[in-house]
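Peer 1: These protein sequence lines are chains A and B, in that order.
Per our numbering, residue 1 is the first one in the first sequence, and the count goes up by one each step.
Per our numbering, residue 219 is the first one in the second sequence, and the count goes up by one each step.
Calculated directly from the structure, the hints in this document are not laboratory data.
There may be inaccurate statements among the hints.
[As the list claims (entries may be wrong)] Where chain B lies over chain A, by a calculated footprint (3+ residues, C-beta under 8 Å):
#1 4 to 17
#2 132 to 138
#3 192 to 198
Where is the CB? At the ideal position from N, CA and C, for every residue including glycine.
2 protein chains.
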Amino acid sequence: MVTAPSDRTTVRRLAERGVYDREVIDAILDEALYCHVGVVVDGGPVVIPTIHARSGDTLYLHGSPANRMLRSMRSGEQVCVTVTVLDGIVLARAPFSSSMNYRSVVLFGTPRPVTSADEKREAFRALTEHVTPGRWADSRLPNDREEKATLVVAIPIAEASAKVRTGPPHDDEDDYDLPIWAGIIPLRMVAGEPIPDPARVSDLPVPSYLVGYRSVAG
Amino acid sequence: MVTAPSDRTTVRRLAERGVYDREVIDAILDEALYCHVGVVVDGGPVVIPTIHARSGDTLYLHGSPANRMLRSMRSGEQVCVTVTVLDGIVLARAPFSSSMNYRSVVLFGTPRPVTSADEKREAFRALTEHVTPGRWADSRLPNDREEKATLVVAIPIAEASAKVRTGPPHDDEDDYDLPIWAGIIPLRMVAGEPIPDPARVSDLPVPSYLVGYRSVAG
Numbered sequence: 001m002v003t004a005p006s007d008r009t010t011v012r013r014l015a016e017r018g019v020y021d022r023e024v025i026d027a028i029l030d031e032a033l034y035c036h037v038g039v040v041v042d043g044g045p046v047v048i049p050t051i052h053a054r055s056g057d058t059l060y061l062h063g064s065p066a067n068r069m070l071r072s073m074r075s076g077e078q079v080c081v082t083v084t085v086l087d088g089i090v091l092a093r094a095p096f097s098s099s100m101n102y103r104s105v106v107l108f109g110t111p112r113p114v115t116s117a118d119e120k121r122e123a124f125r126a127l128t129e130h131v132t133p134g135r136w137a138d139s140r141l142p143n144d145r146e147e148k149a150t151l152v153v154a155i156p157i158a159e160a161s162a163k164v165r166t167g168p169p170h171d172d173e174d175d176y177d178l179p180i181w182a183g184i185i186p187l188r189m190v191a192g193e194p195i196p197d198p199a200r201v202s203d204l205p206v207p208s209y210l211v212g213y214r215s216v217a218g
Numbered sequence: 219m220v221t222a223p224s225d226r227t228t229v230r231r232l233a234e235r236g237v238y239d240r241e242v243i244d245a246i247l248d249e250a251l252y253c254h255v256g257v258v259v260d261g262g263p264v265v266i267p268t269i270h271a272r273s274g275d276t277l278y279l280h281g282s283p284a285n286r287m288l289r290s291m292r293s294g295e296q297v298c299v300t301v302t303v304l305d306g307i308v309l310a311r312a313p314f315s316s317s318m319n320y321r322s323v324v325l326f327g328t329p330r331p332v333t334s335a336d337e338k339r340e341a342f343r344a345l346t347e348h349v350t351p352g353r354w355a356d357s358r359l360p361n362d363r364e365e366k367a368t369l370v371v372a373i374p375i376a377e378a379s380a381k382v383r384t385g386p387p388h389d390d391e392d393d394y395d396l397p398i399w400a401g402i403i404p405l406r407m408v409a410g411e412p413i414p415d416p417a418r419v420s421d422l423p424v425p426s427y428l429v430g431y432r433s434v435a436g
């Protein structure tokens with residue numbers, strides 16, 4: 001059995017939903033298109049959505065050097081990165097027993113600024129490929145100015161836990177015979193048809209790596 | 219022009235994306251099915267996903283009295299509630315200019331524990347109706363035990379800002395003629411067919427308020 005890597009990553013509420021396998025954690029980090037990063041600024045919490053990407057045992061975040069969240073990270077402060085994938089609404093007969101099906105990861109760490117050009121390039125690649133696999137090889141790659149204008153930080157995927165709920169509702173025994181529909185409404189993030197940039201009408205077809213991206217049927 | 223209610227809600231990075239109208243803020247809070255709550259625990263940030271609901275000028279959160287996040291809120295500490303609705307992937311010719319289309323809200327406040335039975339009931343109603351409009355009237359409503367077993371906190375929607383990106387990519391002028399497809403992949407959270415609770419096979423039809431819930435066509 002895999003145990004939590006630290007006290008604060010131990011799932012206490014509904015502990016049976018806690019998962020500490022790296023495989024599960026990585027899969028959730030890879031599926032979620034963005035994360036919410038928490039930092040402490042002037043003693044209070046600040047939570048900001050941003051894109052993340054995993055490369056092996058490292059999670060990368062990036063942004064402008066003027067970004068307050070990233071700036072606060074350069075001072076060696078801890079951060080909490082949380083990703084959540086919503087899978088459905090769980091409707092029990094009673095609201096008290098109703099819930100959501102979801103998969104979330106909470107990762108704690110102290111970000112390290114990425115300074116090596118090679119690692120920065122790997123972070124850029126991972127960030128692009130995380131959101132749209134296949135895109136990196138079909139892009140105008142970052143130039144020196146852009147690399148300098150982007151701050152990248154790395155967080156080791158060491159102190160993390162996942163929390164997962166699946167399956168049907170669990171009602172109080174007395175409630176099962178009530179004439180109330182109960183069950184799950186499955187939810188998914190799906191893509192519509194790609195919309196070409198209207199700035200330049202061109203004959204370029206939609207690239208194959210984007211066809212069927214997160215489609216309803218997929 | 220509506221201005222930011224405080225220094226920390228002023229959108230600085232890409233300031234043109236900052237929106238301070240309550241109407242816009244409320245619409246995003248209402249559409250997002252869940253939020254990420256940031257609290258400071260032992261000096262470090264902790265970010266947890268949870269369901270929220272708005273009722274007028276108040277945002278409600280709820281959970282078990284044993285919930286660490288809610289417990290930390292009872293001590294009068296500040297929290298940051300962030301919701302994000304992802305609308306699409308913005309593919310520029312260069313990764314540096316690529317982005318996401320999204321609508322997010324960041325709300326700061328000091329939660330107030332809800333003790334009045336009436337307000338608690340209103341919070342339960344708002345939480346249920348937020349996720350599945352129409353469900354409250356078709357539920358086995360909370361009993362005394364359940365009301366006591368649920369901690370509810372209220373946060374005034376006073377110190378909040380929204381950040382919104384819409385529209386096509388913006389590439390460097392030199393990049394527009396490159397033979398690289400650019401544009402938007404629209405994204406949406408959509409529901410599949412409701413799945414009845416297998417615990418009790420019944421003839422109850424799917425209620426009308428759930429039919430077409432966040433459907434692709436809607």
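Peer 1: If a hint holds in the structure, say so; if it does not, say that too.
Peer 2: Here is what the structure says about each hint:
1. 4 to 17: That given contact holds, which follows from 3 residues of the stretch 4 to 17 of chain A lying within Cβ reach (below 8 Å) of chain B.
2. 132 to 138: Since three or more residues must qualify, the claim that chain B covers the stretch 132 to 138 of chain A holds, with 4 doing so at under 8 Å.
3. 192 to 198: holds (count 7)
In this structure, none of the earlier numbered hints is contradicted; all agree with it.
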